[in-house]
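Put chain B with the ligands on the given structure of chain A with help from the hints.
Sequence lines, in order, name chains A and B.
Residue numbering for the first sequence follows my numbering, beginning at 217 and increasing consecutively.
Residue numbering for the second sequence follows my numbering, beginning at 56 and increasing consecutively.
Source of the hints: derived by calculation from the structure; they are not laboratory data.
The C-beta atom is built at its ideal place from N, Cα and C for all residues, glycine as well.
Watch out, some of these pointers could steer you wrong.
[As the list claims (entries may be wrong)] Derived lysine-lysine pairs resembling DSS-like cross-links, with alpha carbons at most 30 Å apart:
(1) Lys-377/A <-> Lys-365/A
(2) Lys-221/A <-> Lys-365/A
(3) Lys-221/A <-> Lys-359/A
(4) Lys-297/B <-> Lys-310/A
(5) Lys-377/A <-> Lys-297/B
(6) Lys-365/A <-> Lys-297/B
(7) Lys-230/A <-> Lys-359/A
(8) Lys-359/A <-> Lys-377/A
(9) Lys-128/B <-> Lys-359/A
(10) Lys-310/A <-> Lys-227/A
[Said to hold, decoys possible] One side only, chain A facing chain B, incomplete, derived with CB under 8 Å:
(11) Thr-320
(12) Phe-330
(13) Val-340
(14) His-354
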Amino acid sequence: MVGNKTLLEVKGLKTYFPLDEGLVRAVDGADFEIQQGRTLGVVGESGCGKSVTAQSILRIVPPPGDILEGELLFHRYSKEGDAFSMADVIDLAKLDPRGREIRTIRGNEIAMVFQEPMTSLSPVHTMGNQITEAILLHQETSKAEAREKALDILHRVGMPKPSQTIDSYPFELSGGMRQRGMIAMALSCHPSLLIADEPTTALDVTTEAQILDLMRQLQEDLGMAIMFITHDLGVIAEMAETAVVMYLGKVVERADVDTLYYDARHPYTQALLRSIPRITEDRRKWLEAIRGMVPDPYNLPSGCPFHPRCRSAQGECREVEPPWVEVEPDHWARCILYADSTTATAQG
Amino acid sequence: MISFIARRLVIMIPLLALLSIVSFTIIQLPPGDYLTTYIQQLEAGGQVVDEAEITRLRAQYGLDQSVYVQYLKWMGGIFRGDFGRSFHWQAPVMDVIMDRLPVTLILSFSSLVVVYVVAVPIAILSAVYQYSVFDYFATLFGFIGLAAPDFLLALVISWLFYLLTGAMVTSLFSLPFRDAPWSLAKFVDMISNVWLPIIIIGMAGTAGLMRTLRATLLDELGRAYVTTARAKGLSESRLLLKYPVRIALNPIFSTIGWLLPALINGGVLVGIVLNLQIIGPALMQATLSQDMYLAGSIILILSVLTVVGTLISDILLAWLDPRIRYGEAN
Ligand SMILES: Nc1ncnc2c1ncn2[C@@H]1O[C@H](COP(=O)(O)OP(=O)(O)OP(=O)(O)O)[C@@H](O)[C@H]1O
Ligand SMILES: [Mg+2]
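One chain only, chain A, in its complex shape:
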């Protein structure tokens, strides 16, 4: 059932926030693809635009933020027998964010799990109410049937005593249970894409491991693709097949996870990798922090935004916007070091 079929193509996405203090280029050139039934990891430091990328896909970017440029091509397939055949392609970036069309996609074909399971659930509605809401919205079912489906999905996400928890309020549940509830809510309509925005950041390590296991299991059972956002490279290695690295709104490198770990090309990715602890290496070696600070979002450096912190920076990096280069088949990097490569594209 898992085919190598493109589900979502993000091309040259730019999402800006025109604030009084200045223009925030929250996403300033993101290019990647998500394959049906596969997991794409999105990594980067805090504030690099991971969440805004996710919000852009669902068209829930909070005002005054808006998509300025780019395409979000969502491929829909119809199932004929065992094979999927392409039905249509829809550019999410062109939809009216308040319109009917995007609303039939949200929660139904693309669903999202948020970082903070406490604040992301309504405090005065039961879990059941919040889960069945999505089912009732997108499917022709009675309330009783919707409740059955909610119970079923709560069961699947390993919620303890579903028949009881379904009538609980979020404040009565632990963080891990709430996040299971959130996942149940997101999966209740069997979406083809699940966006998980740091779903385990607010949880302790044991619970995190359980939730990650659960998500892999659910992906196997239900076959949805996952866009897994995290700032933890270790989690990416565990969860994803391919990954993109973001820095200050730009996707700076994209490759399959193994390549990214062992053959990273972008100096930022290399620096990120040097900053994670590895047990196999010489224990006495100091961990290396990336030098310098993340620049102020209102005054981004000209040229390559990473140049003030980059080890390999050259004079040119200050002025020239680095090109998006395919350094090897299916391995892309946004760096001037590879500019002479013949496959360079004009994209900024």
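Quick look at chain B with the ligands alone, frame taken from chain A:
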């Protein structure tokens, strides 16, 4: 929940006894009593009051007895439904209050309804379309309503009304109905006059509620659970009403019990300016002239309503907000 209510009701008994003592003490606090005030008035008018007459009156009103005896007699009467006599009106306190109660309740209830019906939708629109032209107008109106004293509004509006129509707003009833008993015609007449005081009395409340609700709602609109609901595919209007509006309205609906005393005692100054036969101005007059049983009874009724209103609010709060559970934990 039931045990919570029962417990609260039991606590209310000593509380009310205490309140009655406090009410009585408050009206005894100013020096002198009704008679001294009365005699001063007579003397100011040039009349001579003879000592024997004063002693007779003092005995008649029971003012020669000790404070404790007066209190106990008053409380004893209340248990039999007798709140004592009003010196000023020369009538039982109950009659004085009952005379004013229907009009008072009609006025306060309709003002309250107007406040909610006007303020809630405006506040929602104002918050959703923050910084729009509509929002600026609503804000301007809100500040005027909050800042302008109601008696001034009463004066200005009735003056404008006079300029425009040539009619004076001096009472809730047109002349032929002033002293007539209640009838359908009298009721209709009142309806045609009542809107002006309703607007004036409701103005500050509307403005206040609008500002509070707008602020709470703006807070709620930015919450993560709103984004979650949006990501589910809910339409903006459904999402708005089900989540942020519901949550922002909780504290406002649940504190509705607190308004109970205001239903009886609202619009004192407006009542005086517009010469309305409602309870608020009567209480003020009674306190000024030390008409102790009338003042004391009204204050006592207000205290009871405050206590009951608070209980109602607590129950509503627990019912509307599942996060609040009384007495069950620890
Ligand atoms: N609602 C908003 N209004 C204004 N600016 C915003 C808004 N949301 C995000 N931004 C800005 O966009 C940039 C990217 O933010 P984003 O939330 O996508 O970061 P992130 O990569 O998800 O970080 P984190 O790991 O902390 O979640 C930041 O500079 C942030 O300040
Ligand atoms: Mg984020």
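Results of checking the hints against the structure:
no. : hint                    : result
1   : Lys-377/A <-> Lys-365/A : holds, 15 Å
2   : Lys-221/A <-> Lys-365/A : holds, 29 Å
3   : Lys-221/A <-> Lys-359/A : violated, 35 Å
4   : Lys-297/B <-> Lys-310/A : holds, 28 Å
5   : Lys-377/A <-> Lys-297/B : holds, 27 Å
6   : Lys-365/A <-> Lys-297/B : holds, 22 Å
7   : Lys-230/A <-> Lys-359/A : violated, 41 Å
8   : Lys-359/A <-> Lys-377/A : holds, 20 Å
9   : Lys-128/B <-> Lys-359/A : violated, 63 Å
10  : Lys-310/A <-> Lys-227/A : holds, 13 Å
11  : Thr-320                 : holds, 7 Å
12  : Phe-330                 : holds, 6 Å
13  : Val-340                 : holds, 6 Å
14  : His-354                 : holds, 6 Å
When the structure is compared with the earlier hints, violations turn up for hints 3, 7 and 9 and for no others.
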